[in-house]
Amino acid sequence: MARGQRNQGGDQQDPSDWVTRTADLALRHAEAVNGGTLPEVVTCASGISPSGPIHLGNLREFLTVHFVAEEIRRRGINVRHLHSWDDYDRFRKVPAGVDPSWSEHIGKPLSAVPDPTGEFPNWAERFKAPLRAALKDLGCEMVEVDQTEMYAAGAYREQVLTAIAKRGEIETVMARFRTKKAAEPVEGEEVAESTAEEDSGHGANEDLARFPYKPYCRGCGRDTVTLTSYDDDTTDLAYTCDVCGDSYVTNVATQNEGKLVWKVDWPMRWTFEGVHFEPGGVDHASPGSSYTVGKEIVGPIFGGSAPSFVGYSFVGVAGMPKMSSSKGGVPTAEEALRILEAPILRWLYVRRQPKQAFNVDFGQEVLRLYDEWDALTKKAAIPEKRDAAVLAWERASATSTAGTLPTPAVVSPFRMLSSVADVTAGSREITARTVGASEADLEPRLSKAATWITAYVDPEDRTVVRESADTERLAALDEDEQLWLGQLLDRLPDSFADSDELTTLIYGVPKLARGLALDDPPTDEVKADQKAFFKLLYELLVAAERGPRLPTLFMALGPDKVRALLTP
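Counting in my numbering, the sequence shown runs from 80 upward without gaps.
To be clear, the hints were calculated from the coordinates, so they are not data collected in a lab. Do not take every clue at face value.
Claimed, not checked - BS3-like, lysine-lysine: derived pairs with alpha carbons at most 30 angstroms apart: (1) K458 to K215; (2) K374 to K434; (3) K606 to K640; (4) K458 to K434; (5) K207 to K434; (6) K610 to K640; (7) K464 to K434; (8) K207 to K172; (9) K434 to K457; (10) K374 to K207; (11) K245 to K374; (12) K614 to K640; (13) K215 to K457; (14) K215 to K434.
Please construct the entire structure, taking both the sequences and the accompanying hints into account.
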């Protein structure tokens, strides 16, 4: 295939699919900046500051790039997903649950802040680790770049010196945007932490106050410095630390003790890494924000061009406030994967346009989500029904590197698995036996259903099976209720191997009581009796007016338990 070919099997691609459109734009941009032909490698980039738990909002950064890179790779084009860990960003505040004494580290690079548990080398690595594990489960592979390592190795030294030499031009751009009224923030949108940096450090004069490079104090390691002088000939940068009070001189050409401010750092990396596509929160593209400023800086200062860009909106969790990594206590991809199969979590992101905000609901909505996924899976098996929805299912279900992501060999409805797990205290063994499949064939859904019902459902909404019969209620049965229970217990099989047989019997008892056969259609009187009978069964079995489907409940409890609770 010619390397410039964009759309393999174009008639199979739905033009409404955002991944297709975004990949097309990225490739056109890559060709344009490479003189009309595609480069040897198309670079799709993501980046994040690991300042706290990398939540489901942050996950959109990774998955947006992943899906676009996958589409480009599917076309036979060499592509890489390049991810930058912005762990050289400053530590801003101590999140809830961490010893307040950690405030002594505010202003240090995230990579220089100790991990409170001592489990990881530093603060940043503590939050990278679970995200890396989750991305592996999600089938996302990327080339990782550690910004602490890059700056410490002097990899950007030439670019830093260029930015400093052209600081007047940079300030002209910055000043122009400062005069513009900032756009109103998007509802529910969180400004990325790295973009919240000041445009420069403090300085003893106006030139130094807008300096594009900021050192970390050699004495205390913080960025709380006031620049006092810079010598263009020697590249000596002098500063005094506002915290420890010490004064130092760092030579920018030979020592690697600081970093470019964010709005200069980002366009620098676009050029250094040859980035052709990179998304960002929609706040990045507002007037005066990092992308709009970066577009003006990248060419004149670094000789590069801004990548193709798509802004993505907020992802929240139903019933919770807007997520913030620095505040802690926010749902992460690792946590979501405890209850959602990997393809379903991927599907939540790929099926929506990036600018569409949405919530992930860990409550009862999980049941509907699994039902919808299972229905779409059946639809995807019918070639003539392939459409944009099925295409999103395909993108969610498999990757070019990991292949088809894990799904159960035997697909049992999540509703049924969680219902059985509910009345069996999360027992995987009993749940598997009840639905008539092996534990192995039901995984990974079986474990996720058990986890959801035991760890995410409010205890008040859980089903609690009676430990012993309600003798008082059984003694007060009226004539109809005695007849119903008698009919049921007389016909109850010794083993519950067939849920259809149980369903027929439970629904049929009121028919028998009115002289009908089990397979006769119900009359209006029978329907009223069924409603009263079902209410009685729930009352006697789980001390409630409703609960899991009665055949499922019976199978989970087993014949001995059912008889013990229903026999007067």
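Evaluation of the provided hints:
Proposed proximity of K458 and K215 is supported: the alpha carbons are some 27 angstroms apart, at most 30 angstroms. Between K374 and K434 the alpha-carbon distance is near 20 angstroms, which keeps this suggested pair within the 30 angstroms criterion. Our distance criterion of 30 angstroms between C-alpha atoms is met by K606 and K640, whose separation comes to about 27 angstroms. A distance of roughly 27 angstroms separates the Cα atoms of K458 and K434; the hinted pair therefore holds under the 30 angstroms criterion.
Proximity of K207 to K434 is assessed by CA-CA distance (about 26 angstroms); at most 30 angstroms being required, the pair is judged to hold. A distance of roughly 23 angstroms separates the Cα atoms of K610 and K640; the hinted pair therefore holds under the 30 angstroms criterion. In summary, the hint linking K464 to K434 is supported, as the alpha carbons are separated by about 27 angstroms, within the 30 angstroms threshold. Simply put, K207 and K172 have alpha-carbon atoms about 18 angstroms apart, close enough for the 30 angstroms limit, and the pair holds.
Proposed proximity of K434 and K457 is supported: the alpha carbons are some 29 angstroms apart, at most 30 angstroms. Distance restraint check for K374 and K207: the Cα-Cα separation of roughly 29 angstroms lies within the 30 angstroms cut-off, and the hinted pair is therefore satisfied. Distance restraint check for K245 and K374: the Cα-Cα separation of roughly 16 angstroms lies within the 30 angstroms cut-off, and the hinted pair is therefore satisfied. For the hint pairing K614 with K640, the CA-to-CA distance comes to about 18 angstroms; that is within 30 angstroms, so the pair holds.
In summary, the hint linking K215 to K457 is supported, as the alpha carbons are separated by about 26 angstroms, within the 30 angstroms threshold. Restraint check for K215 and K434: the C-alpha separation of about 25 angstroms stays at or below 30 angstroms, so the hint holds.
No hint from the list above goes unmet by this structure.
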